[in-house]
Structure formats: C-alpha cells, structure tokens
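Hey, can you work out the whole structure from these sequences and the hints?
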Amino acid sequence: MKNLLLVSYLDIKESIRSKWFYVYSIVFGGLMALFFITGISDSAVMGFTGLSRMLLIFIQVTIIILPIFILITTVKSISADRESNVLEYMLSFPISLKDYYWGKMLGRFLTVFLPVIFALILGVIFGFTKSGDMPWSMIFLYSALLFSMCFVFLGIAFFISTMVKSTDIAIGSAFMIWIFLLAFIDIALIGLMLQGRVGDGFIITSALLNPIEVFRIGAISLFDPELTVIGPVAYYLLDTLGATMLIVYSFVYPIVLGVLFSYFGFIAFKKKDLL
Amino acid sequence: MLVDVKNVTKSFQGTKVLDDVNMQILSGDRVAMMGPNGAGKTTLIRAMLGFYHINSGKILVNGFDPIKQRVKVLEGISFIPQLPPPIKLSLDEMISFISKSSGVPKEAIYEEASKMDLDVKANKHKQFLKLSGGMKQKLLIAIALSKKSSLLVFDEPTANLDPRAREHFYKLLTNLDSSCSTLFITHRLDEIEGLVNRKIYMDLGKIVEDEKI
Ligand SMILES: Nc1ncnc2c1ncn2[C@@H]1O[C@H](COP(=O)(O)OP(=O)(O)OP(=O)(O)O)[C@@H](O)[C@H]1O
Ligand SMILES: [Mg+2]
Chain A
1 MKNLLLVSYL
11 DIKESIRSKW
21 FYVYSIVFGG
31 LMALFFITGI
41 SDSAVMGFTG
51 LSRMLLIFIQ
61 VTIIILPIFI
71 LITTVKSISA
81 DRESNVLEYM
91 LSFPISLKDY
101 YWGKMLGRFL
111 TVFLPVIFAL
121 ILGVIFGFTK
131 SGDMPWSMIF
141 LYSALLFSMC
151 FVFLGIAFFI
161 STMVKSTDIA
171 IGSAFMIWIF
181 LLAFIDIALI
191 GLMLQGRVGD
201 GFIITSALLN
211 PIEVFRIGAI
221 SLFDPELTVI
231 GPVAYYLLDT
241 LGATMLIVYS
251 FVYPIVLGVL
261 FSYFGFIAFK
271 KKDLL
Chain B
1 MLVDVKNVTK
11 SFQGTKVLDD
21 VNMQILSGDR
31 VAMMGPNGAG
41 KTTLIRAMLG
51 FYHINSGKIL
61 VNGFDPIKQR
71 VKVLEGISFI
81 PQLPPPIKLS
91 LDEMISFISK
101 SSGVPKEAIY
111 EEASKMDLDV
121 KANKHKQFLK
131 LSGGMKQKLL
141 IAIALSKKSS
151 LLVFDEPTAN
161 LDPRAREHFY
171 KLLTNLDSSC
181 STLFITHRLD
191 EIEGLVNRKI
201 YMDLGKIVED
211 EKI
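Chains as they are written, first to last, in the numbering used here: chain A, 1 to 275; chain B, 1 to 213.
Errors might be hidden in some of the hints.
Unchecked claim - With a cut-off of at most 20 angstroms between alpha-carbon atoms, the simulated EDC-like pairs for lysine to aspartate or glutamate come out as follows:
hint, chain 1, residue 1, chain 2, residue 2
1, B, Lys124, A, Glu83
2, A, Lys13, B, Asp92
3, B, Lys130, B, Asp162
4, B, Lys136, A, Glu83
5, B, Lys88, A, Glu83
6, B, Lys115, B, Asp177
Just so you know, these hints were derived from the structure itself, not from any lab.
Written out as structure tokens, the structure is:
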C-alpha cells in the first residue's frame, strides 16, 4: 500500500508538470468560462434555465471530448515508459507489479478527474451567484457521471497500454475506439432505425453497451422525456425502463466495465513480458 | 548460490535469443560478461530481473524466482541499465522513490554521489532527464552502490563517463564488500581487468566461454 501511494504520488507530480495536463485543465476550465461569457447561463430556452441549462451543455460537451482526452493521454502511460526504458529502471527496484500498476491507475484517475470536477464546481459556484438556483440532484448526478466516465475510459486506456507494445499503435487504437463509440450514439442509431435494416433489439442493446451513449442517456434522464433534446433511443429507454433505473445503470455499468478492463490490463501486465 | 540459471531458453517472435543457457554465480564472483551485439547479454540480465517470462528452464536469484517473487529478488540486486532512462521526475522525487521502495537512506545516495563529484543537493529540483549524460550515469551508479545488495548488475555502466569519472567509478568498486558479487557487461575488458575474477563470453544466445582469471 505504501508503495502504491508512492507510485501514484509521483505519477501525479509528473502529470502536473506535463503539457497535456495544462491543455486538459484549460479546455475544461475554459469551457465553463466560455459558457459564462456567451451567456448560456442567462438564457431560458427549452424549459431549462440558468445553471441547469449550463450544466446540461457542459456535460453534453464533456461526454464527447473527455473520453478522447483520457484515452490519448493515458494510453501512453505504460507503453511509453516501456519504449523509453523508464519502466525497466523503475521496476528494477523491489516494488510489486500490483503496487506499480494500481498506483499508476490511481494517480492517473486523480489527474483526469480533479480538473473536470473542479470545472463543474466552478460552474456551480458562478451559476449560483448569478441565478440563485441550486439544482442539487443534477449536480450530484453529474459528479457521479464524471466519476464513472473517468473510470471506464481510464480502464480501457490502461488495458490498451499494457496490451500494446508500441506507443503509436496504442494511440491509434485509442482513437479508433473513440470513433467507434461515437458512431453508435443516438444520431447514428436513428439512421439505422429509420432504415429498418436492424431490429429494435439490436439498437437498444448497442445503446446500452456503449458507455458514451449510456452517459448521454444518464445525463438527460433527470428531465422529462418529452423534451426535444432527447434522441429517439434515449426517449425509448427512458420511457420503458424509467428514470431511476437508467440513472443507476448509467453510473454502475461504466464502473463495472472499467473494473473489468483495468483488471484484464493488470493480468496482461503480469503475464506478459514487461519489456 | 547467488544466481542459478538452468537450461534457460527465451525466444522473441520465434527466434531463440537465449538458447539453453546455464550459469551459476557464487557470492564473491566478479564477472565480466562479453560478447558481440545481439548476443543476448541484456536479455539474460532482464530475465534474471524478472522482466521476461522465459520459455523453459529455471532461474533462481538468492533462491527466489524472479517472476513469482520479484520483490524478494530485486531487494538483493542493484541494476544499472545500458542507457540512462529519460525519467521525468526531479532528482529529489526519484531519490525518494528509491529510498522509500528499497529502504536506502537518502543521505547514503548523496554521499556516494559526492564521491564521484556529483552534487545531488544542488540539482535537487532538476529533472533527471535534463542532467548531462555523465551526471545521469553517476547518479545511477551512486544509487546502485548505496543500495546494499548482494549482486550488482551493470549493463555497460561507463559508456558515458569521462576518463576521470571512470577512474573514480573503478575506485569505488575496489572498495566493495568482498561478499558482494558483480556482473558487468562490457565491451572493454582491459578497463575492468583488475576488478573481475571471472570472464563469461556469450554469442548467439549461448555461453561459449566461462573461465576464471
Ligand atoms: N523485447 C524484445 N523483443 C524482440 N526482440 C528482442 C527484444 N529484446 C531483445 N531482442 C533481440 O534479442 C537479441 C539479443 O538482444 P540483447 O539486447 O540481449 O543483446 P546484447 O547482447 O545485450 O547486445 P548489445 O551488446 O548490443 O547490448 C537481439 O537480436 C534483439 O534484437
Ligand atoms: Mg545489451
């Protein structure tokens, strides 16, 4: 445990010094700032007002860009250390592979999770001072979704990182996964549905398996399904399963998926040649 | 017996890089390992350090299996890699990692480093990556020597050092505890001649010569 914390502490320090971390923090902090400047929080459109509307937009944008940010920056963590022989040196000290792997994972989790959650808190504080409303359930749900979103993509990234030997291939596969998941969100699914080539069952299943789609549905499930922002698949699921079920599912499923991927990554790390 | 390598075979993509290798290192052995590029020297060392899963055979270091008991094995080994790795941590962070994971007091590392004219404290906040090639190598050597191990494994440790530093380094090694064994990979036997008492020659994944000197 002592070594696990040591590894994560050093990983955090290393991340904080790196360029990607600045870009990452600026993007999410900047996103919030942008919403204030453009006055998104002031307008009342489509039944949302002030802070709620702003948070909804923030989470919608985050759902699209957070996965690729996490995948690209994290997928290199182990594979780049392996390529540059840093791993060879660091692991020549008496530290167990368990401590090293999970320590890296914990460190990475904090570096990707803290900036987005700070951005959310920032938004809440500013939004509150401006409009005075405090949509607690929404703030709570979105924090939980951000948590499980960071977790699942971190798990996938660590899995790729240990499976693949070269950094280029790791980054390439991370990108492919992101594109693939995006291709199967609402917009694309409706096309398939309209064409009638595939059954509804297939569409519903692929929506429920795709973490990005699950987050989209989870993020809007607090609202009335009659709202136009909701896509047809989300509408259907919300209507049949009910909001509570969907909220629980949208938090728990990605966590389970993240645990599985990171665990398989760990097995690969242990069972394959380290260098 | 410190190291016992028995019938070890390791292949990469179907090519045998280690081919039925047998080697024993006893405590007090000072081994110079030589051989042409690609002979399998680094691979053998990495297998001993638990980085590679060997295809067949058995390796024991201090009686422990490098894969199943890697922590036990690595507690007894100091290792200097062939090239200094581009570690992005500052010297201070790197030294705390070593000090905490291996139980080496920080002061011991500073002291070993100063014997080679490297002032670690003055460069504390510099990233390891940004040190000069020779400074990196000196720090790695200081770390390896301050970690009281029963086996020192050096993969061409002096490649980056200027002649003066090299001399210092060899002087440090002559003062090593007599129970401590060393395994040097080198291409220049003449330099370490006085420091070794055994010579192993590898070629094409096999040990072709092993003699006392
Ligand atoms: N991780 C690896 N994957 C695939 N092939 C490898 C790997 N590591 C080493 N090899 C191959 O194994 C052979 C032996 O390499 P090794 O690094 O052990 O040689 P060496 O004796 O240390 O040579 P040098 O004196 O140049 O350092 C080489 O042909 C090398 O290409
Ligand atoms: Mg070598």
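Taking the hints in turn, this is what the structure says about them:
| no. | hint | in the structure |
| --- | --- | --- |
| 1 | B:Lys124 with A:Glu83 | violated, 26 angstroms |
| 2 | A:Lys13 with B:Asp92 | holds, 12 angstroms |
| 3 | B:Lys130 with B:Asp162 | holds, 18 angstroms |
| 4 | B:Lys136 with A:Glu83 | holds, 19 angstroms |
| 5 | B:Lys88 with A:Glu83 | holds, 14 angstroms |
| 6 | B:Lys115 with B:Asp177 | holds, 17 angstroms |
Checked against the numbered hints given earlier, this structure breaks only hint 1.
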